[in-house]
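In the order they appear, the protein sequences are chains P and B. Per this note's numbering, residue 7 is the first one in the first sequence, and the count goes up by one each step. Per this note's numbering, residue 1489 is the first one in the second sequence, and the count goes up by one each step.
FYI, nobody ran anything at the bench for these hints, they're computed from the structure. One or more hints might be untrue.
To be verified - Only some residues are given here: those of chain B computed to face chain P with a beta carbon under 7 Å: (1) TRP1492; (2) ALA1497; (3) LEU1517.
Stated by the list, open to error - For each label pair, taking beta carbons as the anchor points, the in silico distance ranges come out as: (4) B/MET1603 - P/GLY327: 24 to 32 Å; (5) P/ASN19 - B/SER1628: 53 to 61 Å; (6) P/LYS292 - B/ALA1598: 47 to 55 Å; (7) B/HIS1617 - P/ASN224: 43 to 51 Å; (8) P/LYS292 - B/TRP1492: 16 to 24 Å; (9) P/ASN19 - B/HIS1624: 23 to 31 Å; (10) P/MET7 - B/ALA1681: 24 to 32 Å; (11) P/TRP18 - B/ARG1535: 43 to 51 Å; (12) B/GLU1490 - P/ASN19: 34 to 42 Å.
From the three backbone atoms N, C-alpha and C, an ideal C-beta is built for every residue, glycine too.
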Amino acid sequence: MDAATKARLWGWNTALDAAFVRWFLAGLAAVLVIVPLLILLLQATGKSNAERQRELWARYRSWLIFIPLMIGPVLLGAGWTVAAVCVMSILCYREFARATGLFRHRSISLLVVLGIFALTFAIADHWYGFFVAITPLMIACIAAVAIFDDQPKGYIQRVALGIFAFLLFGVCFGHLGYFANDGNYRQMLIWLVVCVELNDIFAYIVGKTLGRKKLAPNTSPNKTVAGAVGAAVLTTLVAAGLGKMVFSGTEVDTPFRLVLLGVILSFSGQLGDLALSSIKRDLGIKDWAATFPGHGGLLDRFNSLLFAAPAVLHYVGYLHGIGLDQVPRIITRG
Amino acid sequence: MEEWQYKPAQDLGIGEMERLRSVKRESGLAGFLARKTWWFWVGTILRLAERIQVNGAERLPAAPPFLVVANHASHLDVLVLATALPRRLRDAVFPLAAGDTFFETPPMAAFAAGMMNALPMWRKNCGRHAIDALRHRLVSEPCGYILFPEGTRSRSGQMSGFRPGVGMLVSGTAVPVVPCYLRGTFAALPTPARWPRSSHIALNIGEPCEFRNVPNEKNGWRIIADKLEQEVRRLGEVGAVKSG
Chain P
7 MDAATKARLW
17 GWNTALDAAF
27 VRWFLAGLAA
37 VLVIVPLLIL
47 LLQATGKSNA
57 ERQRELWARY
67 RSWLIFIPLM
77 IGPVLLGAGW
87 TVAAVCVMSI
97 LCYREFARAT
107 GLFRHRSISL
117 LVVLGIFALT
127 FAIADHWYGF
137 FVAITPLMIA
147 CIAAVAIFDD
157 QPKGYIQRVA
167 LGIFAFLLFG
177 VCFGHLGYFA
187 NDGNYRQMLI
197 WLVVCVELND
207 IFAYIVGKTL
217 GRKKLAPNTS
227 PNKTVAGAVG
237 AAVLTTLVAA
247 GLGKMVFSGT
257 EVDTPFRLVL
267 LGVILSFSGQ
277 LGDLALSSIK
287 RDLGIKDWAA
297 TFPGHGGLLD
307 RFNSLLFAAP
317 AVLHYVGYLH
327 GIGLDQVPRI
337 ITRG
Chain B
1489 MEEWQYKPAQ
1499 DLGIGEMERL
1509 RSVKRESGLA
1519 GFLARKTWWF
1529 WVGTILRLAE
1539 RIQVNGAERL
1549 PAAPPFLVVA
1559 NHASHLDVLV
1569 LATALPRRLR
1579 DAVFPLAAGD
1589 TFFETPPMAA
1599 FAAGMMNALP
1609 MWRKNCGRHA
1619 IDALRHRLVS
1629 EPCGYILFPE
1639 GTRSRSGQMS
1649 GFRPGVGMLV
1659 SGTAVPVVPC
1669 YLRGTFAALP
1679 TPARWPRSSH
1689 IALNIGEPCE
1699 FRNVPNEKNG
1709 WRIIADKLEQ
1719 EVRRLGEVGA
1729 VKSG
């Protein structure tokens, strides 16, 4: 393994090299200090009741846990990032499997987990060909394994759920890990996660203040058309503006392409959220899990990243390329 | 198009700690693999360290639901019983363990629930709710339980009376209850001891009983407990006569 690859995978001393990363961490620290002050202010001015306060503190505490878990691996190195995405994929699959009942089909669950390990290997190896090949191979394997229950009634359901889960939480989520194969991965991943989270926040704020017509009342009762449009506009501005720093000097760095990137990010983020809300409504559940007080499960938190990660990766990949300057087949070709 | 049938996990929406102590806990792939590993190692070590003889394994039901009851004198009891079950039954069995002993602290609860797949039975105030949930689960999942109706480990090695709780689980149902007698576990690991000694352990498995016509109330439970106690004592005498 050459020195550059080793530094990308495991070198944490270059974590703060990019100005964008330093600014982000400073901004994050500021937010983490200001939010508790705001919560205390709400309490002092009597604008909130005890239950509301408890909920706000629970949410804040959950964020204190999320943030190091998400940002830590990205700062530590590409190797840690890929490993963290693998763990997240498996935990998200677990939530989906428990909510749909798929978890009772242990052979299918085992295959999906093995598929996620295979994807992780392909990503770590920087072997895009294998990453792509795993999808049809896994579809075949899941369809095959489900035969041996010898229970054709329900065959389509268990195969389809297994494939859907693998594609969403293995392949789509795995694209988040594939970013780590680029030298610029830290900026890109932080930018992606920040913009997707802001997208949610903008949709909420604009919806609360200006929203009247509901977007999809049966699917997501709190979402409004105004919120969706407002988020699209605001996120595009922020994503394009911040993107100028992250993608400066690359083929993405033209006003039109940056704006288009923002639009793609905003829509894919909102659609990911709505898609998982549709799944929840079909199942008749309110939250994916009770893991994080105030938030629900991992999927409640990360649903917006599901479609955004592949959409942004391929957009940037098409224009500029992802990891083209990095050595491919790190493990399989030495 | 016909709608699909979804059956979410019964413990969905419960926090992790509460889930480990819930009778509705359903385990997935990780739990299954943990249990397989645990029972593989326990089975191997038991076979190497103790001489175990199982009589009457052919009397075990072919598939769930089932309830295995036995005399209780040692922590080894549940290990011997579970490893004596065929794989099909062992994969579906939940030992019912004392809540105050095995589910009090988080690490203990994680071990009991995660490795042994145990479900809690609270000795002090076992709510009707919990018993009904256990009863429903036994029949509908279907699954199997291992239960020690004495309610506690014997301090002397002698069997004491069976409590009526066992009746609450099976009265009025067609669930086969398999009486078992364990000899030698008290000698191998009595209550205050921390490490097992090598010993000869015998497990006598009796004919399953059914209580579908017994009413689901106090009298019925007493009838069931007494009948099972009688059967288990009888199994205890069978072995003793043989070995002279």
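Hints breached by this structure
4, 6, 7, 9, 10, 12
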